[in-house]
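*Asks:* What follows is each chain in one-letter form.
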Amino acid sequence: MSKEKSCCSSGDCSCSTEIITRYDKNDKWVTDEIHTSTGSVPVVSTKLNFKDKLGEWKVRWGIGRMNYKINPGIYAIGKPDQTSPVLVSANYKLTFDSLRKELSGMDCWILILDTKGINVWCAAGKGTFGTDEIVNRISITGLSEIVAHRKLILPQLGAPGVSAHEVTKQTGFSVVYGPVRAKDIKTFIDSDFKATEEMRTVKFTIRDRLVLTPVELVSAAKSSFIVFGVLFLLNLFVARPFGLGDFIAYTGAVVTGTVLTPVFLPAIPGKAFAWKGWLLGFLWALGYIWYSGWLIPGSLLLAIGYLLVLPSLSAYLAMNFTGSSTYTSFSGVIKEMKIAVPLIAISTVAGLVLLLVNSILA
Amino acid sequence: MKHRYLRNVATLLLSDETCIGCGRCAEVCPHGVFSVNKKKARIDDKDSCMECGACAKNCPANAITVDSGVGCTTAVIMGWLTGSEPSCDCSSSNGCC
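Line by line, the protein sequences give chains A and B. Just so we're aligned, residue 0 is where the first sequence starts under numbering that gives the first Met the number 0, counting upward by one. Just so we're aligned, residue 0 is where the second sequence starts under numbering that gives the first Met the number 0, counting upward by one.
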């Protein structure tokens, strides 16, 4: 702040200061503006208000998730000056919120990259949280004028998209990879930019997995409307219409694949996600068929049909969760899929044929 | 509890001769795959590698290679059906990261 223009301290000042980062005046998370030698920077709150929390809840349920973003640029926490650290992050609002809420009491700059509203790790995988965007954003914001030092703190999970040595070569800024989780940033900075092994390791706790399940469930539910539509049409022709019992059987298999398998992931025997989903789906199908009294010779087609269809459905949905997990390698997923996808397809088709035959002949 | 996935599939390779022992790989790896001793990096736990590619991208000596594909299962299946590379376009609102 040493170069702050004194005339700008009052609200009605007439001097024109460039705006480095544009923001919506209605955004409650911007509390103030700071005036640097090159322009004004929004100061953001380290507290989340009701609207921020509602926003998180909505995107967790898949509502407007692809358009939950803030403007890229430079933001301030506290009263940073030329010597304050610079943290780099993504322009997904959920990412930004989980970062700023950990920075209370700190004075620092946040350089927000344009990751198209995607979180750091996924954006790094796709390259939007990457070397070029960092170089570009440093130049657009004039970061070299705002701070006197030449050091950037990047989230460790941004590393798959960034070549630290390339950034240094092109901008003069050296790159330090901070901890995986935002909650460790204060400790990291206080301990002279040293991250412990614990801070460097990605976990996938039951809570981490649980928050991911609503989106999986919502996405499966959307596809289910096609299934319900087809069944509705079928019901106009068949002797045994599909009803509540079938709906519960199906819904149970969907919940098993999208919620139960992710939640109990490490406790389910085996390694392949499709297998884990199939196993739980099989237990569900067997239990439900037994409970419904379909384990009798007269309902054999129905029972076998469901034993082929339901576990396959759970297996497919569980396999989908490899995309959300933090420890599956792409080569592993491909290996798993080469075996699982044909089996799932055969089992599903065979099961559907039996269910159809059963409904038509009943 | 440490999660374990399929064994012997990771495509991670480290060239001992090219390695300059800077330790960047150990710094960026989210699963503690590397250790650095006497100015040389070593792969300690290859089966924990999730092929994110952070090590290879940040290795100033280009001593590491890893095939770091991305894409959700739906994208992979679509890729198989259409004969193209799996690509995960995040403009769709389905579960893909």
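In case anyone wonders, no lab produced these hints; they're calculated from the structure. For glycine and all other residues, C-beta sits at the position ideal for the given N, C-alpha and C. Be a bit skeptical, because a hint or two may be false.
Claimed, not checked - Per label pair, the in silico range of CB-to-CB distance:
hint, chain 1, residue 1, chain 2, residue 2, range
1, B, T64, A, N66, 53 to 61 Å
2, B, L12, A, A361, 56 to 64 Å
3, A, G242, B, D66, 46 to 54 Å
4, A, S138, B, T64, 42 to 50 Å
5, A, D131, B, K38, 30 to 38 Å
6, A, D207, B, N7, 39 to 47 Å
7, B, G22, A, A147, 21 to 29 Å
8, A, K193, B, K38, 13 to 21 Å
9, A, L209, B, K37, 40 to 48 Å
10, B, L12, A, D106, 55 to 63 Å
11, B, G22, A, I18, 16 to 24 Å
12, A, W289, B, K39, 54 to 62 Å
*Asks:* In ascending order, which of the hints set out earlier in this document are inconsistent with the structure?
*Replies:* Per hint list: 1, 4, 6, 10, 11 violated.
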